[in-house]
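Chemist: Counting from 1 along the sequence shown, just add 137 to a position and that's the residue number in this note's numbering.
Simulated from the structure, these hints should not be mistaken for laboratory data. A couple of the hints might just be wrong.
Unchecked claim - Okay, derived cross-link-like pairs now, DSSO-like style, lysine-lysine, Cα gap no bigger than 27 Å in a straight line:
| no. | residue 1 | residue 2 |
| --- | --- | --- |
| 1 | K281 | K335 |
| 2 | K339 | K295 |
| 3 | K203 | K335 |
| 4 | K339 | K318 |
| 5 | K295 | K335 |
| 6 | K281 | K295 |
| 7 | K335 | K318 |
| 8 | K281 | K318 |
| 9 | K318 | K203 |
| 10 | K318 | K295 |
Unchecked claim - Using C-beta positions, here's what the derived DEER-type ranges look like:
| no. | residue 1 | residue 2 | range |
| --- | --- | --- | --- |
| 11 | G205 | S353 | 39 to 45 Å |
| 12 | N269 | E197 | 18 to 24 Å |
| 13 | A182 | K295 | 25 to 31 Å |
Positions of the beta carbon are idealized from the N, C-alpha and C atoms, including for glycine.
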Amino acid sequence: MDVSTPSNVSLREFGSEQSFLSRPDGSASFIQGDTSVLAGVYGPAEVKVSKEIYDRATLEVLVQPKVGLPTVRERSQEQCVRETCEAALLLSLHPRSSLTLVLQVLHDDGSLLSSFLNAACMTLMDAGLPMNCLFCGVTCAIDKDGEIITDPTAAQEKESRALMTFAIDSTEQRVMMSSTKGSFSVLELQQCIAVSRKASEKIFQFYRDSVRRRYSKMLE
138 MDVSTPSNVS LREFGSEQSF LSRPDGSASF IQGDTSVLAG VYGPAEVKVS KEIYDRATLE
198 VLVQPKVGLP TVRERSQEQC VRETCEAALL LSLHPRSSLT LVLQVLHDDG SLLSSFLNAA
258 CMTLMDAGLP MNCLFCGVTC AIDKDGEIIT DPTAAQEKES RALMTFAIDS TEQRVMMSST
318 KGSFSVLELQ QCIAVSRKAS EKIFQFYRDS VRRRYSKMLE
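Turn these sequences into a full structure, and let the hints guide you.
Modeler: This is how it looks when you write it as structure tokens:
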């Protein structure tokens, strides 16, 4: 089965700022095209006895929509982000404590879950939490003609017959988490994973550039 990866993967422009909120232990904004989100992490802190895990930290993820109260969609996004963060963080180093990651939607123009994942990773980095790998999120849409669109806008998502978001790790480009909806073949799924791995290289490079810029400013 041939799973060829396109050489040119197009992503919208990224933007990010770390440490701009004073109250959380780590924070980051992440902009992807016209989609923008904020993230803040609190902890390690004391945990309620009912949520305490004796051999590792408890991680809670909260997604705040732009308006109104969280719905089933936000609960699903929380679970996807939590699973990814739990796989990346060395939670056993902070037993019987709690970490709370809060994600706030500022503007949703598509690829929201991948933006949440990217904001989450930059926030955990900002907080200096021990991790076994970095991760990033990539969203792919398959349009009615079977074309794969990376980092789709809200309009492209609406027109697509399938939508997939993958969390990719920085060391082995493993798929740490996947969220899919719509109809697609096994080959299309494999092609979207291959495309997402290719796209992840650009996002990890963006992380490196952002951190380098930030520390060079601190040293000036």
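Chemist: For the pair we were handed, K335 and K318, check the Cα-Cα distance against 27 Å.
Modeler: holds, 21 Å
Chemist: Within 27 Å, alpha carbon to alpha carbon, are K318 and K203?
Modeler: This hinted pair holds, its Cα atoms lying about 23 Å apart.
Chemist: K281 and K335 were given as a pair; does the straight-line alpha-carbon distance stay at or below 27 Å?
Modeler: Roughly 23 Å between the alpha carbons, so the hint for K281 and K335 holds.
Chemist: Holds or violated: are the alpha carbons of K281 and K318 at most 27 Å from each other?
Modeler: Since the Cα atoms of K281 and K318 sit roughly 14 Å apart, the hinted pair holds (cutoff 27 Å).
Chemist: Quick one, are K339 and K295 close enough, alpha carbons at most 27 Å?
Modeler: Distance ~25 Å between K339 and K295 Cα, so the pair holds.
Chemist: For the pair supplied as a hint, K203 and K335, is the alpha-carbon distance within the 27 Å limit?
Modeler: Violated - the C-alpha atoms of K335 and K203 are around 31 Å apart, more than 27 Å.
Chemist: Assess, step by step, whether the Cα of K339 is no farther than 27 Å from the Cα of K318, and give holds or violated.
Modeler: Holds, because 25 Å separates the two Cα atoms, which is no more than 27 Å.
Chemist: Is K295 close enough to K335, meaning Cα to Cα at most 27 Å?
Modeler: holds, 24 Å
Chemist: I want to verify a distance hint. Is the separation of the beta carbons of N269 and E197 within 18 to 24 Å?
Modeler: holds, 20 Å
Chemist: Would you say the C-beta atoms of G205 and S353 sit inside 39 to 45 Å of each other?
Modeler: The hint (39 to 45 Å, Cβ to Cβ) holds, given that G205 and S353 are roughly 41 Å apart.
Chemist: K281 and K295 were given as a pair; does the straight-line alpha-carbon distance stay at or below 27 Å?
Modeler: holds, 11 Å
Chemist: Does the Cβ-Cβ separation between A182 and K295 fall within 25 to 31 Å?
Modeler: This hint is violated: roughly 40 Å between Cβ atoms.
Consistency with the previously given hints fails for numbers 3, 13, ordered from lowest to highest.
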